[in-house]
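Keeping their order, the protein sequence lines are chains A and B.
Take 1 as the starting number for the first sequence in the working numbering and just add one per residue.
Take 1 as the starting number for the second sequence in the working numbering and just add one per residue.
Hints were generated in silico from the structure; no laboratory data involved.
Hints are supplied without guarantee of correctness; some may be wrong.
What the hints assert, rightly or not - Derived list of chain B stretches under chain A, where covered just means 3 residues or more per stretch with a C-beta under 8 Å from a C-beta of chain A: (1) 69–75; (2) 245–257.
Unchecked claim - Some residues of chain B that are not near chain A, with every Cβ distance over 10 Å (derived): (3) 13; (4) 43; (5) 171; (6) 321.
Glycine residues also receive a C-beta, built at the ideal position from the N, C-alpha and C atoms.
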Amino acid sequence: MIIEDLPPDAADRSGRPVLEVDELTVTFRRRGEQPTRAVDGVSFAVAPGETVGLVGESGCGKSVTSLAVMGLLPRRGVEVGGSVRLDGQELVGAPDRTLRGLRGADMAMVFQDPLSSLNPTVPIGTQVTEVLLEHRELSRKDATAQATDLLDRVGIPDPARRLKEYPHQLSGGMRQRALIAMALACRPRLLIADEPTTALDVTIQAQILELLRELVVDSGTALVMITHDLGVVAGLCDRVHVMYSGRIIESADRHELFARPRQPYTGGLLASVPRLDGVRGAPLHPIRGSARDVIPWAEGCAFAPRCDHAQDDCLTEVAGSTVPLEYDGPGRELRCRHPLEYPRSPAGATAAGAAR
Amino acid sequence: MLRFVVRRLLQLIPILLGLSVLLFAWLRALPGGPAQAALGERATPEAIARYNELFGLDQPLFVQYLRFLGRAVQLDFGNSSRTGRPVTEEFLERMPGTIELTLFAMVFAIGVGIPLGYLAARRHGSWLDSASVIGSLLGVAIPVFFLAYLLRLLFAVELGWLPGSGRQEVRIDATRITNFYVLDGLLTREWDAAWDAFTHLVLPGIALGTIPLAIIVRITRASVLDVVNEDYVRTANAKGLATATVRRRHVIRNALLPVATTIGLQTGLLLSGAVLTESVFAFGGVGSAIFDAIFARDFAVLQGFILILAVVYVLVNLLVDISYGLLDPRVRVR
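Make the full structure from the sequences, and use the hints.
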């Protein structure tokens, strides 16, 4: 896995953030069941041209966060609190009409499984042009011309022919490219990619990531990358937020995070990645156990039961109920009472090595 | 595509051969024969023997079958032992009635069923939803002949709103062209004849359409509930499409795929004759013809009608398969 030595990205970090998420909470309420809080007090911001990663295991709330930002969670049985602002406009509690006007035009999303995310009975062309026709004043002919351009831009060969085809006639990589084309059709200010490479072959994964990076650099789009794959983070993200059980537990710039993970969970994530340059047959380092459905933040630190560094006070209520997310050096935030410590070593120590 | 159709038509040959053997054997195994039915219980053995000789029924079964088969391939199914008229002629007279009735029943079932099923799914959990689920359960559970009797008793006999028997008022001297009474009335501009034939379709049509209606409501509802949770509907919403576009292009279109199959199968079933409903309403379609032929042990009519209906059923299913390919690009046959 390549971690360091990426070309410096040309992202424009100045100016006000495109997306500001403040204390976002999402609670699922079902009749006859305990309400479940899937996202709890999540805050982050994304600047134009910046790529921010939300990282965590399945069920940590990263996808729910993205759906909440897009306003795609069902209205019934779901309670969204806090604030989500797109270019300063508040989205939480905004009427459906407003959100529909913004979705597809100013904010767009690429989903995980390209096959099931495309309508099997509608030609690719219609699925691309319908975004354009909805948000732009275009004739059908102009929309088709633009759709051809878009498919060409995302690297689909022979776009005019592909427009007439159906999703099942395209390969997995092509389908994901088509989905990206749909998302980018109206040049959105914000693009959310929810595990866009999970369903693809490794070789295709790299191509898709490269494509996303080019697009972000070219257009200055703010990109939120939802992933559990640290390889994706290493290759793409400027800033990373690690989530666990619905909360952010560590935030840092990419280089910092890979060099010196402070939360033992982050350290564990890095250590659990198999290394090509490791000794053959050397044991892997999984994080033991798995995340629970119920969020146990009430008892101090949710990760403590699985943590090798946990001490008695991790599970008790000291100074308030839960371990807070606190300042941890410039550009870093951390939610941990007993973080991993590092001697003042020169930068560049390999991440996984440091974590062990 | 053409190869697909030809292959399906070739498959008909063994099906029809098998069916004809079964039919032939089964009819001859029935107690009492055409002679008994025609001449009555007190017929002398001599009279029965003469009757059998006249109609070739004294020959060995094997010979009878081969003779039947030889004529059947020329679309000659012999003459009815009851009326003496050629079976093919009787069929052509009866089938249009059944087709009209089927069309009415299916238009009723589709026209009410799809909107109702869709609304039930949209208001999932509401009183309308519960009512449609319970109603469709009742619709499947009520025996058709019972419902037919009930409708006839209430709307024809008691209230007198609609005619309760036949295909047309006997007084009306309508011109026959195609034997589709409604169509004939329209073609000849005999409006009152067309209207009268249409009113004769209403009660049997509703009775016949209840089961397809109930099935269509249930399938539409379940299918819409499935489709609204599909990833591609989420994608459509993520594109910010208007609600109407999402529903029309992404929900309804996909939700109707399984409904189309059901509609095809139900149409095939109804076309093969609604024996009970047609009998209750004395409706002169193929169903009541088969009903009468069974009592008269009218072998020729039974064999001919049932074999032709089998062909009709297979053809309707072939049409369903072809239309399914038009609706769903994934199963398009090459």
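Evaluated hints:
1. A count of 0 residues in the segment 69–75 of chain B with a Cβ less than 8 Å from any Cβ of chain A is obtained; the coverage claim is therefore unmet, three being the minimum.
2. Only residues whose beta carbon comes within less than 8 Å of a beta carbon in chain A count, and the segment 245–257 of chain B has 6; three or more means the coverage holds.
3. Even its closest Cβ contact with chain A, about 34 Å, leaves residue 13/B beyond 10 Å, as expected for a residue assigned away from the interface.
4. Non-interface status of residue 43/B relative to chain A is upheld: no Cβ of that chain comes within 10 Å, the nearest being about 64 Å off.
5. At roughly 52 Å, the least C-beta separation between residue 171/B and chain A is larger than 10 Å, which holds for a residue marked as non-interface.
6. Residue-level check passed: residue 321/B sits 17 Å from the nearest beta carbon of chain A, beyond 10 Å.
In summary, the structure is inconsistent with hint 1 from the numbered list given earlier, while agreeing with all the others.
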